[in-house]
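With chain W's structure known, arrange chain R on it following the hints.
Heads up: the protein sequence lines correspond to chains W and R, in order.
Heads up: the first sequence begins at 1 in the numbering used here, then just goes up one per residue.
Heads up: the second sequence begins at 1 in the numbering used here, then just goes up one per residue.
With a Cα cut of at most 35 Å, we get these calculated DSBU-like pairs of lysine-lysine:
| # | chain 1 | residue 1 | chain 2 | residue 2 |
| --- | --- | --- | --- | --- |
| 1 | R | K37 | W | K57 |
| 2 | R | K42 | W | K101 |
| 3 | W | K42 | R | K58 |
| 4 | W | K83 | R | K42 |
| 5 | W | K78 | R | K104 |
| 6 | R | K68 | W | K101 |
| 7 | R | K71 | R | K42 |
| 8 | R | K104 | W | K57 |
| 9 | R | K57 | W | K42 |
| 10 | R | K37 | W | K101 |
| 11 | R | K42 | W | K57 |
For the record, the hints were derived by calculation from the structure and aren't laboratory data.
The lines below spell out each chain.
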Amino acid sequence: EPEVTQTPSHQVTQMGQEVILRCVPISNHLYFYWYRQILGQKVEFLVSFYNNEISEKSEIFDDQFSVERPDGSNFTLKIRSTKLEDSAMYFCASSAGGNEKLFFGSGTQLSVL
Amino acid sequence: GENVEQHPSTLSVQEGDSAVIKCTYSDSASNYFPWYKQELGKGPQLIIDIRSNVGEKKDQRIAVTLNKTAKHFSLHITETQPEDSAVYFCAALLGGNTPLVFGKGTRLSVIA
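Same shape as in the complex, but just chain W (with noise of 0.2 Å):
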């Protein structure tokens, strides 16, 4: 069964340094989604990206995170300068159609020291 996949598990780094999440979506799908799960909060969204371009962007989305379809398989998040708030767990997710029937990956725990 095809799935989302995502490296690395996790991801440990200092605070103010840069870090790159990646995740390769269901080969035919199209849009692809970033969420996070702080520890015993909500999943909440991040990003939409469809068309090579952001389709919708959070609060949390600011000018310190950023998405990249660099090829025709992976979709990165990059978090320019790391805060002790972007702890989490940080899904992907891909749809063959809009907003439904999400499939996410495993997730990249991000500990930020």
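Then chain R, alone, in the frame of chain W:
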């Protein structure tokens, strides 16, 4: 924007019993309501969904009911098994470009 509340936060049931998880949403224009199951170390997996033009949907041991008037929807799991143990999330979608909004999750433990 949309807000989704989910209860309970934890639920323990005996194997074979039923489990019910409830969610409420704030925006009456929301029209799509999925349920996700998250097992340890994995991402959320879609298990069932319902649209606003339907009151109930069933898939083997799981079912979802929707009450549009009251703006709430529920997940029902019958004949629970230990492998049903996981965190379950409800979500609501307003439509257009707006993203899925998730509830806080329910940790279900099925005790053998």
